[in-house]
Amino acid sequence: MIRTITETIQDETKKWLIAAGVAEGVVVLDRTIQPEFGEYTTNAAMRCAKILGRSPFEIAEALAAFLRQQGIGGLADAVAVKPGFVNFYLTIEAKVQHLSTIRGEDTDFGKNNYHAGEKWVVEYISPNPNKAMHLGHLRNALVGAGIIELLKASGATVVSDTVYNNRGIAIAKVMYGYLAHMKQAANIPTDVAYWVEHQSEWFTPEEKNLKPDLFVTECYVLGERDIQANPEIDQFVRQLVVVWEAGDTTVWKLWRYVLTLAYTGIDRTLSRLGTTWDKVWYEHEHYQKGKDYVEKGLQAGIFRQLADGAVLTNLEETYGLTDTVLLKNDGTSLYITQDIALTDLKKKTYEADKLIWVIGPEQSLAMKQLFAVCEQLGIGKRTDFTHVPYGYVGLRDEFGAFKKMASRAGTVVLIDDVLDEVKLNIKKRFTEEGKHDEATAEILGEKLALAAVKFAFLRSDREQGMTFDVEQSVDIHGDSGVYVLYAYVRTKSIWRKVGNPKEISYIAPTVLGEEADLLRTLLYFEGVVTKATADLSVHHIAQYLLELSSEFNRWYARETVLDGSDQEQYKLAIVAAVGTVLENGLSLLGIETVEEI
RNA sequence: GCGCCUAUGGUGAAAUGGAUAUCACAACUGACUUCGGAUCAGUCGUUCUGGGUUCGAGUCCUGGUAGGCGCACCA
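Each residue of the first sequence is one higher than the one before, counting from 1 in the working numbering.
No lab work stands behind these hints: they were computed from the structure.
Given the structure is predicted, the values throughout are model-derived calculations rather than measurements.
Where a beta carbon is used, it is the ideal one built from N, C-alpha and C, also for glycine.
Careful: at least some of the hints might be erroneous.
[As the list claims (entries may be wrong)] Derived CB-CB ranges, DEER-like:
id, residue 1, residue 2, range
1, D353, E58, 41 to 49 Å
2, D308, K404, 31 to 39 Å
3, E207, V498, 33 to 41 Å
4, D566, R496, 16 to 24 Å
5, K82, Y335, 41 to 49 Å
6, V325, R103, 42 to 50 Å
7, Q305, G274, 43 to 51 Å
8, S565, D461, 48 to 56 Å
9, A557, K208, 40 to 48 Å
10, D191, K404, 34 to 42 Å
11, R225, R256, 20 to 28 Å
12, R3, L345, 22 to 30 Å
13, K404, G104, 43 to 51 Å
14, G465, D191, 22 to 30 Å
Working from the sequences, and respecting the hints, build out all of it.
Structure below.
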């Protein structure tokens, strides 16, 4: 309904512009900054003032007069103002009718067909088996999940995927660290073959009372320390990689064992977050295939070989990019080598139109190089590949300045720790107010903690760096996920009170009262989703939800919904609409709603 | 050295080139404890800097300052 009105206004405006002599140009309808300016506005008159050689205001007046005469349904008035805006005022019926649209479309309300028929592959968080997941991974997970939800909501078919970097030196360090430091007695040899026969002589994560991924991290840290101190151990670890690559069955047993531990722990955190993938790529399955592509490119003269045997790109001239090595002088592959193979694999497996990588900004150059090389090899067009970076998550040092998280300095903040701390705060509050029994408090505390943390990470632009501070960053007051949920709970509570009726009927008012701003804000949700999709950032939605919650709470404080008047049903319709929009918006953020707090 | 990114109240943030820059936190002052007060109302206080483009700039271009990141055989 609202969409029909805005589209008609746009069409009619375009028609008028063409008649006036402006052939091209897109007519954009924006939301107004204030209710006094109506619901929508256009700057079309100012944009074409130069071409038409008339003053913007004059054009605006003529355009407004024309639109008023077109008898556009739902449009009450079109008014030209100051520099040259034309403001549009919708009829009360149209705004009230919108409530029924929301109720009718229910969970589909807000969806669009911006990317209908397209197939996207989105790669996000590739957890490292040697490190428990920290806040950087969290941001990646949430940004990625948001993009996936947006694309789905705009009609695209989405395949989400990830790469498990499960081979190489890092995992070999874990294997060594485990063998050397997790044995139950000092006289047990640090030997793979011995381990295979006497596995029970080593500690398990349970025996160490550690979450499996933390156990693995511990192995890695201890292994790394030995390597730094002793070149012989470094040699031992390198040898492990070589033997692994040769397919040695005993080493593979150990490799499988530590990886299973790592991913068991990681999966526990991921399932807490609700993070899943449609497809997991295992590096060990495709990393060798990249060499074939490099060979092919070399023969085609796309790449060049250095005197020492290493293979180099030719990107400087065509793409203006710094060249990079594709194959080491010893013939082994690099990160980019396997990524070439994987990109082709993804395109072919899923017949993808567009591919997205959600990866930190430090990979920016590497991504550009990958895209260019893939284009040279005919794997796909560079423009179909998108790197979506996100800002760093840092901590605050003792002077309040930004400090990067570093595993070595022990300043990494883990996802589980943050969630647990926020949950503890929430549960403490429950206890203070004597609200829920332990079981309910646990479930609700977890949901609210997730909502608070996710919202805190998603409410600002994804490229904005963030300095993390549990106290400040994960607010459960003010601009927070809990605030939005609280507004939502209120809508549900009122609705419960009247017995969750299936149907409500009311007569639309002839004059709007306190609810005017709320009705106006409800108009904009669809536009916000469209914008978020175009920007591939859900923060627009988070901001909108705060605005809507705030409007609702203000209205709620001034108005009694269940007052037994003839307005009651109408007010219930508003409550229902707000609830639906909040729920749909939160769902795009990956936040589950709750019925009570 | 070259390249990329960032700079908004005391703090954390918002603002497709649009109208008087919007919120929250903190501080201070208030509100029938209600259809759920984890709420509502109020006070206080902002676009790093020089130039340019534009009818109009926090936003675009350019010089500078400050910070972050990257630049070939690591991942």
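Range hint 20 to 28 Å: satisfied by the CB atoms of R225 and R256? Taking Cβ atoms as reference, R225 and R256 lie about 25 Å apart, which means the hint holds.
Between S565 and D461, is the Cβ distance one that fits in 48 to 56 Å? Given about 44 Å between the Cβ atoms, the range is violated.
Pairwise beta carbon distance, G465 to D191, judged against the given window 22 to 30 Å: Distance hint for G465, D191 is violated at roughly 46 Å.
Given the hint of 43 to 51 Å, is the C-beta distance from Q305 to G274 inside that range or not? Once the Cβ atoms are compared, 47 Å apart, the range 43 to 51 Å for G274 and Q305 holds.
Given a hinted range of 34 to 42 Å, is it respected by the beta-carbon distance of D191 and K404? 38 Å, holds
Does the beta carbon distance between E207 and V498 stay inside 33 to 41 Å, or does it fall outside? 56 Å, violated
A range of 40 to 48 Å was offered for this pair. Does it hold for the Cβ distance of A557 and K208? This hint is violated: roughly 53 Å between Cβ atoms.
Confirm or reject the claim that V325 and R103 have a C-beta distance inside 42 to 50 Å. Once the Cβ atoms are compared, 59 Å apart, the range 42 to 50 Å for R103 and V325 is violated.
Quick one: are D353 and E58 within 41 to 49 Å, going by C-beta? 46 Å, holds
Can you tell me whether the CB distance of K404 to G104 sits inside 43 to 51 Å? 50 Å, holds
Starting from the hint 22 to 30 Å, judge whether the C-beta atoms of R3 and L345 obey it. Since R3 and L345 have Cβ atoms about 40 Å apart, the given range 22 to 30 Å is violated.
Could you check the hint for me, namely that K82 and Y335 are 41 to 49 Å apart, CB to CB? The hinted range 41 to 49 Å is violated for K82 and Y335, with Cβ atoms some 56 Å apart.
The structure fails hints 3, 5, 6, 8, 9, 12 and 14 (numbered hints given earlier, in ascending order).
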